[in-house]
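> In case you want the letters, here they are:
Protein chains: 2
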Amino acid sequence: MLRRSALCLLLVAAACLRQAKADEGMWTLDNFPSAKVEKLYGFRPSQQWLDRARLSSVRLAQGCSAAFVSPKGLVQTNHHCAEQCIEQLSTADKDFIQSGFYAKEEKDEVKCPDFELNQLTEIGDVTARVRDALAGKEGAAFTEAKRAVKARIAKECSGGDDALRCDVVELYNGGVYNLYKYRRYQDVRLVFAPEQAIAFFGGDPDNFEFPRYDYDVSYLRAYQDGKPLDTSANYFAYAKEDAKPGDLTFTVGNPASTQRLDTVAELEYERDVSLPRSLFRMSELRGQLTEFQTKGPEQKRIATGKLFGIENALKARKGQFEALVDPALIAAKAKAEAELRAKVDADPALKAEAGGAWDVIRDALKRWKPKSEHYAYTEGRGAFATSLFSHALALVRYPVEKALPDEKRLPEFTEANFPGVRQSLLADEPFYPELEKLTLTFSLTKLREVLGADDPFVRKVLGKRSPSELANELIDGSKLGDAAVRKALLEGGRAAIDASTDPMIALARLVDPDFRAARKDHEDNISAPIEAAHTSIARARFKVYGTSVYPDATFTMRISFGSVKGYWQDGRFIEPITRIGGLYERATGAPPYKLPESWIVAKPALDMNQPMNFVTTNDIIGGNSGSPMIDKEGAIVGLIFDGNIQSLGGDFGYDGAVNRAVAVSAGALREGLAKVYRADRIVAELSR
Amino acid sequence: MLRRSALCLLLVAAACLRQAKADEGMWTLDNFPSAKVEKLYGFRPSQQWLDRARLSSVRLAQGCSAAFVSPKGLVQTNHHCAEQCIEQLSTADKDFIQSGFYAKEEKDEVKCPDFELNQLTEIGDVTARVRDALAGKEGAAFTEAKRAVKARIAKECSGGDDALRCDVVELYNGGVYNLYKYRRYQDVRLVFAPEQAIAFFGGDPDNFEFPRYDYDVSYLRAYQDGKPLDTSANYFAYAKEDAKPGDLTFTVGNPASTQRLDTVAELEYERDVSLPRSLFRMSELRGQLTEFQTKGPEQKRIATGKLFGIENALKARKGQFEALVDPALIAAKAKAEAELRAKVDADPALKAEAGGAWDVIRDALKRWKPKSEHYAYTEGRGAFATSLFSHALALVRYPVEKALPDEKRLPEFTEANFPGVRQSLLADEPFYPELEKLTLTFSLTKLREVLGADDPFVRKVLGKRSPSELANELIDGSKLGDAAVRKALLEGGRAAIDASTDPMIALARLVDPDFRAARKDHEDNISAPIEAAHTSIARARFKVYGTSVYPDATFTMRISFGSVKGYWQDGRFIEPITRIGGLYERATGAPPYKLPESWIVAKPALDMNQPMNFVTTNDIIGGNSGSPMIDKEGAIVGLIFDGNIQSLGGDFGYDGAVNRAVAVSAGALREGLAKVYRADRIVAELSR
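Protein chains in written order, with the working numbering: chain D, 1 to 688; chain Z, 1 to 688.
Hints in this document: simulated from the structure, not taken from any laboratory.
Backbone N, C-alpha and C define an ideal beta-carbon position, used for all residues, glycine too.
Among these hints, one or two may not hold up.
[Unchecked claim] The following label-pair restraints were derived from C-beta to C-beta distances:
| no. | chain 1 | residue 1 | chain 2 | residue 2 | range |
| --- | --- | --- | --- | --- | --- |
| 1 | D | Lys-369 | Z | Asn-472 | 42 to 48 Å |
| 2 | Z | Ala-635 | D | Ala-328 | 23 to 29 Å |
| 3 | D | Asp-498 | Z | Gly-380 | 57 to 63 Å |
| 4 | Z | Asn-472 | D | Asp-498 | 34 to 40 Å |
[To be verified] The list that follows gives simulated cross-link-like pairs (lysine to aspartate or glutamate, DMTMM-like), each with its CA atoms no further than 20 Å apart:
| no. | chain 1 | residue 1 | chain 2 | residue 2 |
| --- | --- | --- | --- | --- |
| 5 | D | Lys-371 | Z | Glu-322 |
| 6 | Z | Lys-371 | Z | Glu-353 |
| 7 | Z | Lys-351 | Z | Glu-339 |
| 8 | Z | Lys-72 | Z | Asp-108 |
| 9 | D | Lys-520 | D | Asp-406 |
| 10 | D | Lys-464 | Z | Asp-108 |
| 11 | D | Lys-295 | Z | Glu-209 |
| 12 | Z | Lys-366 | D | Asp-406 |
Construct all of the structure, not just a fragment, from the sequences and the given hints.
In structure tokens:
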């Protein structure tokens, strides 16, 4: 599943790098290759067409994509993108993950505790201003100057209006700085969700696979001033017919991250250090949560979302790891890098600016490796895996940061960024001590395991207690699970924090200096030189190869184009479209292939030949989950929810021969709403 | 912990390869560099000295080393080597893992259900005979010829006497074939074990670390004809004094496996494919078992041994992985390989024999990678992680294999080898359905995850059932947990197997053809060419570099030499000896730093200055657990139980600057027996 937190990024059998690249690219909305699309597909999107696509699309700030699909603020996204909300609205008695959710009337729509939608209203170029601010700076001066200029630009842009969100976005690894201005909506309500059993039919075994038969959809609604948002000016209508093989398709969404422009040293670090570490850790936590779920139905319910997130990320990252250990991939990257370096070295001016940049990055990573675990278990948050600690640290830091001028603050506490943090702090979410103890004990155990029992920070945290003793003390003793308590501490300022005897607050106070020191070291001595080196490389690349290229993904809005198309796998052609009938053939009666009762009952009414899921060549990656798939009329033909297994190395490159985006067809969405769920209100709204 | 199943092999920061190698080597007992030892340490072990060391040492066939330490068959090994026995003798009411075990009188000594000791009585050279049999053969012919010649040699050697065990041992990757003749003892009884809390003080966090404070010892006794074995001719007495820094030490044991002679292609395969896969899998299972243990005291008890085994192997293999992703290690190996290849290519005769061997191995691994998961989940046994399935498959195969001539059988069913399998089949061990369901569900889930839900073998096994449904059916339905049922099926021959309706037997019958096909493909198309290529390389290496080298470890007897010596770590000197006083300082009261009551009570009586653990430069690896550490008089000064963290890459090379073997001092062993456990009978026996 392509949500952002899952970091599900695309795979390439390295040989693929040499193959079809026609549809490659996650393009910014202000640099779209319309002429290329016209040449390939005979349709040239106008700027007006692109602007409408931009304003009709919306980002879920927590890590997904979505779209307005009615004039009244109805938002279409994936079930797995709304899952956090659905789970938070559920209780032991009413499990909407299992039963699904449908607000029969508008008044039944329920607010998601911690959701934010962003609508991109403007893109501006601030490259020169950022560059001027950074010129000649290194290390701490670089970090501080960058922080300051970004905060200034963002503050000027939003003018202190929390309904605006202004992000300085770094594109092309620092080659370009853009200002993205969003309208921010924090009143987001749940309208409809199917049962997870059909949304995620096939579960982990079928995740990132195709053929596929998932109904991975949820409908939300944006509200403003307590009323449905008026989106009559910009929304996508549903297409009357489903897409057919060969049809041109666009996706608009927010791919989270790619590393296609990374240097070989960075890819090797990813392969040898970062990915293995996260895979080891997630594998173990997966095991714990799997077994935790066997303890009872309530344990099963409360751990479902967390386990899904981990399994999804695990499968995605394993795909990336597989891609990176294919020697052909690194060899191809090394070849491309050597070519660029040779061209840079051949030009004295370029050489002076960028000739040493690759070695700067390699050296920085070498220095970083021995420090990286300490960072991971301090500011990297690897040691305290509970939302209570995240809350505590934000509460402890807030008064300190608020006392500073905006441009000196840690970026998450600037006026432009704090509304997101505040929403999380105040969100009235359920809190499950048993599950929090599990994850906290796990992370404290890892802390001791990785840094060693004799590490000073470990001793400072654990003292004579075992990880589980400390976790129990903290979770049992803290009152931060209560949103009202957090609100009081947030509003109480420094005095309230200093006076607090909450053990989680005490822990955050205790470790904050270590966290800050680790962060500063990383920012000044690793990030700063790497970022500066990347900027040099990016500028050199523009000079050598021109600017008609797309930047790596950064969880900002991108549009990709492609077409409905099957592919070859292990000598067999995979048809691009599955049918509802295939869903019933695949069902076994045992999870994760067990159909919910609603679909069993509805079977006679359904058109078995109705397209269910389909694949296209659109270039997407984690974060694109929930992206609308539209045709050239700008009408919805599908809803992106996944990439195929071959796409999991797409982090590092795109191969049009086999990389595929996976979508639910618009027809299937309608068929399900009308005949399975009898959600007539939504069907009517979609038809307007 | 250095037991074999743990595959805890040694680490090298790659730079180390260039450093001190004086004490390097796991030498065979018939090719020991006595002259070198004399030069370095002024003592020249005679052949008589070596023979006595060989006959006083003993192998635990399940994966450890040990030694006779009294004239009456008393065997000293590690607690973690006897753990399987201790756990099998325990019940919910009497948990000897927790409480320890002490047979006050000889009659209280209890037979371990499934232990076998091997005493190496003779080493012969059969290289010429094996080579003649293999000459000119490839693929299936190579596999069959090798199987046949090994079976013939072993059968001639043992003459059908089950009390003899004859193994054809492949040394130097096929450069030399030796016949190792052992006396086999299957009546092994538990005499003494301390509480695991002190045997494994510090638990996983301190495992492979130093300074250390473990009392990792158990005493067993070999019996013959119902009486203690007479070992008066060959046993090690305890030294009167502990070893001091600089003292010469020898270890005699059975290091399981090293890959120091592997080609670069093999090391890369290990780094990119084998190790990550096993680390992902073990991490997840660790998580499940950890959480399983929280379900209650009985769940905690029955999963302790399994969890220890996994955590131990995880830590060891992570060390190996860390070593392999250090680019300096592979670079050094590539350099050495290139040098040897250049010398081979410069000699026409050598080039003709071995010039292509490295590419043969690289190509075979490339062919193997896409098939390897199918193998891993069939004959590799990755799919059915329950002892019941292992039993079922052995029972299904036995009558088929028995009907074949000895030399045509699968090696585990030859007359020479079957006694070990039979012992396991007939062992009256406890059986825990809840735990078996966990591991079987886990492995079936992995089967589907790794091969995919649509894989024909997966469909054949699972049908429409989920992994947990099938696991529950099999474990609940099978009677193979009962040793008497297994005995009846073993003795009932083919008719009994064919008639059996036991679901586990049915499963074994169902999958055996797939298993055999995968095994044959691997043996004929991957193992055969790789082994032949290795033999060519080994012979070339002898010709180029001579024969005064040691072979890679193969879980056969080796002797290493070294001395008591500290080392530098992160700029700090680590003293080589810890004291009993340090144990009490390190204790926190919380597991795994919680002392058992016996040691708390005994504290006033103990000498706080008594050496507890110490390190030496001896070159050891997994399988060496339980090895006696002896001085030049052949007296016991310690008991090997671990290597330090730096030694975990020793699989690939040895670095005398930091690689260390970790032992319990003989004085601490005596101190504990006398003053903590008042095991006067053992103390008296050790003093004879």
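> Checking against the hints above, which ones are violated?
Numbers 2, 4, 6, 10, 11 and 12 - these are the hints that the structure violates, sorted from lowest upward.
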